[in-house]
Structure formats: structure tokens, C-alpha cells
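So you can see what is in the structure, the chains are spelled out below.
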Amino acid sequence: MALFPTSKRNFPSRANGEDAFDASDINNLNTELRAVIDYLGVVSKAQNIGLNDLLLNYRQVVAISVTTGDTVSCPAQRMIIDQRMCANTAAITRDLTEDIPSPSTGTTYYVYAVDSNVPAGTFTIKFRTSSANNFVGERKIGSVTTATTGSPPDIVNITDDDATTAIDSKLIKAWCTFNGTGTPAYLDSFNFSGAITDNGVGDYTLTIDTDFANANYSAAINVMGEVDARVAVGQIKPTILPLVGSIRIMVNEATAGSALDLAWVSVILIGDQ
Amino acid sequence: MKCRVWYRADGSVSVSHPDMRLGLKPKELTMAQWAEQQFNIVAEKNPELANLDFDDIEQSSLPADKVDRDRWRGVKGQGVMIDKNVILRNDISELLDDELAAIAPDPVKVIKLQRQLWHWKGK
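Taken in sequence, the protein lines are chains A and B. The numbering of the first sequence is the working numbering, which starts it at 1 and goes up by one. The numbering of the second sequence is the working numbering, which starts it at 1 and goes up by one.
Quick caveat, the hints were computed from the structure, so don't treat them as lab data. C-beta: ideal position from N, C-alpha, C; glycine also. Please note that a few of the clues may not be correct.
What the hints assert, rightly or not - Dumping the calculated DSS-like pairs for lysine-lysine here, alpha-carbon to alpha-carbon at most 25 Å:
| no. | chain 1 | residue 1 | chain 2 | residue 2 |
| --- | --- | --- | --- | --- |
| 1 | B | Lys109 | B | Lys76 |
| 2 | A | Lys237 | B | Lys66 |
| 3 | B | Lys121 | A | Lys237 |
Stated by the list, open to error - Stretch by stretch, here's where chain B covers chain A in the computed footprint (C-beta under 8 Å, at least three residues):
| no. | stretch |
| --- | --- |
| 4 | 193–205 |
| 5 | 255–269 |
Said to hold, decoys possible - With the Cβ distance kept under 7 Å, some of the chain A side facing chain B (calculated, not the full set):
| no. | residue |
| --- | --- |
| 6 | Thr183 |
| 7 | Tyr186 |
| 8 | Gly245 |
Work out the full structure, taking the sequences as your base and the hints as a guide.
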């Protein structure tokens with residue numbers, strides 16, 4: 001079974017993935033859905049097609065495991081791990097892990113889900129990173145959720161549920177919005193949870209769930225001003241350097257510099273984890 | 001729900017409020033245990049708080065509003081109170097505004113107040 005034309009094995013690896021290939025590529029592959037996860041861990045879906053052929057494109061991957069959701073049973077389905085130029089090819093069935101021997105740095109590997117009639121369910125893709133020939137962790141890098149047989153959704157989710165390593169330094173690693181008035185409380189968040197510490201008017205310490213690798217991460221802080229239209233700004237607390245596991249921020253009136261408690265404060269952190 | 005009050009060396013207090021959004025609490029923990037776990041993580045990840053005295057008190061024990069938040073002061077075991085004697089940056093700013101609004105502002109007083117604001121290091 002020709003899973004993938006040889007001439008198409010060198011799909012460009014793009015961060016947004018949207019233009020990595022065109023409709024003819026998809027038709028040639030006779031697939032219904034393709035998801036691309038490049039080495040940055042960015043997942044995208046090319047077109048509104050069904051889940052039949054799942055392509056993962058990434059680098060420095062040494063192992064892949066594919067598991068289905070608890071409620072999914074599709075023993076006939078398979079996943080194929082294929083190193084570029086067919087140097088190493090291995091087929092795995094669901095719920096098994098296949099290690100690629102002697103992985104090469106910079107090599108592109110592909111994963112294909114083959115056969116038709118992929119049923120509803122969540123397909124989880126994991127890989128391991130290596131260091132000095134030792135596995136250092138297993139990480140889920142993406143998942144595809146199908147809605148119904150033959151009618152999967154358009155969205156491929158990036159998941160990040162393993163704290164041991166990072167997918168990509170370009171991804172947002174933590175964000176939140178919180179209400180700083182009264183008892184401070186998150187409105188929504190990712191990788192921020194736990195207690196918000198109120199250090200005074202407009203002065204908050206936020207705790208990061210999964211620490212950054214170092215304290216040199218980038219922080220963007222924004223606020224929504226008050227009803228009287230005074231301009232307010234958010235900033236890292238002066239003289240208090242961010243820490244790998246927390247950050248202290250200030251909200252001030254822009255002109256007078258007075259501290260303010262505001263009802264909508266947003267924080268985005270990006271950096272290495 | 002309890003919060004953790006950290007007593008800083010200058011008498012001011014920081015207050016950690018637990019995240020009680022639905023779905024975050026591990027099933028095996030009670031709400032109180034969940035809150036305490038969060039407070040411990042705050043201490044673990046914030047060295048500036050880790051060595052401070054603290055009390056876990058009911059949030060309802062805190063002053064009713066935050067109008068005087070920067071005047072909150074506390075000592076371990078005695079809770080949080082409002083110290084009206086604390087002078088804040090805004091107080092100096094208001095004095096300066098008042099002086100400037102006077103019919104005949106005292107230039108020396110204005111300069112002194114401006115210097116105070118310029119070099120202000122507290123809240």
C-alpha cells in the first residue's frame with residue numbers, strides 16, 4: 001500500500017502548517033485528514049477533510065506511541081512510523097510504543113494513520129526526546145479528536161501534559177486573565193493556577209504551574225482601564241526579577257503612577273521550559 | 001475560605017488567596033487541604049515569602065474592603081488591621097495637589113513635596 005508518494009516525503013516544515021501542502025497533495029494521498037506537527041510542535045490541519053491519514057512531521061524524535069481514548073476500539077487501524085527516505089520504517093498498532101533506533105538529528109519522521117473508517121475518538125501522539133542516548137521523558141505533542149466516523153473536526157489540538165520537557169520555545173507557555181479587585185481571582189488561565197498573592201494595591205504575585213527553564217522568559221502584561229478612563233499600565237514589579245516559578249506584577253495609573261486594582265489584568269509568558 | 005497572610009518585615013502584609021475554580025481541586029483533597037497545598041506552592045516558588053511568618057485566616061477576617069489596602073498591617077497571631085498612620089505616596093501627591101491649588105502656593109513646600117514623590121520608594 002503506497003501510503004505516501006516518495007516525491008511528497010519532503011513536505012516543508014512550517015510553523016503555521018497551513019500552507020505546507022495543497023489540495024492536490026491531499027488528493028494524491030487519498031486521505032481525508034492530515035495533521036502536521038513539525039519539530040516546533042505546531043499542529044495544524046490542511047483542509048477540511050476527514051481523519052484517515054494523519055501525518056506528523058517533526059524532528060529529533062526517537063519514539064512514538066499512539067493511544068486511543070478509553071472508549072475507542074479500532075484494532076484494525078494502524079499507525080506507521082516512517083523515517084524520511086525510508087531509512088527506517090516501522091508499523092505500530094494502537095496502544096503500542098515503537099522506538100526508532102539510532103535517530104538522526106535533523107531527520108524528518110512521518111507518522112501515518114492508515115486504513116479507512118477511523119472511528120470517533122481521541123488519538124494521542126507522544127514522542128520521546130533523547131539525551132546522550134537516554135530517554136529523558138515521554139511527551140504528548142498533539143491529539144486529534146474525531147467527532148464521528150468519517151466526520152472528524154477541523155481542529156487538531158496541541159496538548160502539553162508532560163512537565164519534563166518543552167515542545168517549543170515559541171509557544172505561549174502560560175497565560176491568564178484575572179480580576180484584581182476585591183479578592184483576586186483568575187477569570188481564565190493556562191499554566192497559571194493556585195493562589196494569587198495580593199501584595200498591596202495593584203501588586204500581585206502569580207504562581208506558574210510548570211516552571212520555566214530559566215527566568216529570562218518574556219512577559220506581556222496588559223490591563224483594562226477604569227471606568228473613568230484613566231490610562232493604566234501593567235508591568236513587572238520594579239526591582240523584582242521574575243522567577244522560574246512565579247512573577248510579581250504591578251498595575252499603575254500611567255500618568256500619576258498610582259497603583260490600581262483593576263478588574264481585568266492579563267499576563268502572557270513565553271520562554272523555555 | 002482561608003487565605004494565607006504573610007507578615008513582611010516592614011509590617012505590611014501579603015495575602016495569598018486560593019484558586020477555587022471548579023474542576024481544579026484534586027478529588028482526594030478537601031477544600032482546606034487544597035488551599036493549603038496552594039499556599040505551600042506559593043512559598044516554594046517565592047523565596048521572598050518563604051521565610052516570613054504567616055497565618056492562615058478566614059478571608060472574612062480581612063478588612064471589609066481594599067480602600068486602605070496599602071495601610072494593612074499585621075503581626076503573626078494578631079490578624080490584619082488598618083494603620084491610618086501609614087503615609088502613602090498618594091497622601092503626598094494629594095498634599096502637593098492641594099498646595100498647587102492654593103491661591104499662593106508655597107514654592108519651598110511644593111519643591112519638598114515633589115522631592116518626596118520623586119524619591120518615594122514605598123507605596
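How the hints compare with the structure:
no.	hint	in the structure
1	B:Lys109 with B:Lys76	39 Å, violated
2	A:Lys237 with B:Lys66	20 Å, holds
3	B:Lys121 with A:Lys237	13 Å, holds
4	193–205	holds (count 11)
5	255–269	holds (count 5)
6	Thr183	5 Å, holds
7	Tyr186	6 Å, holds
8	Gly245	3 Å, holds
Against the hints set out earlier in the document, a violation occurs for number 1 only.
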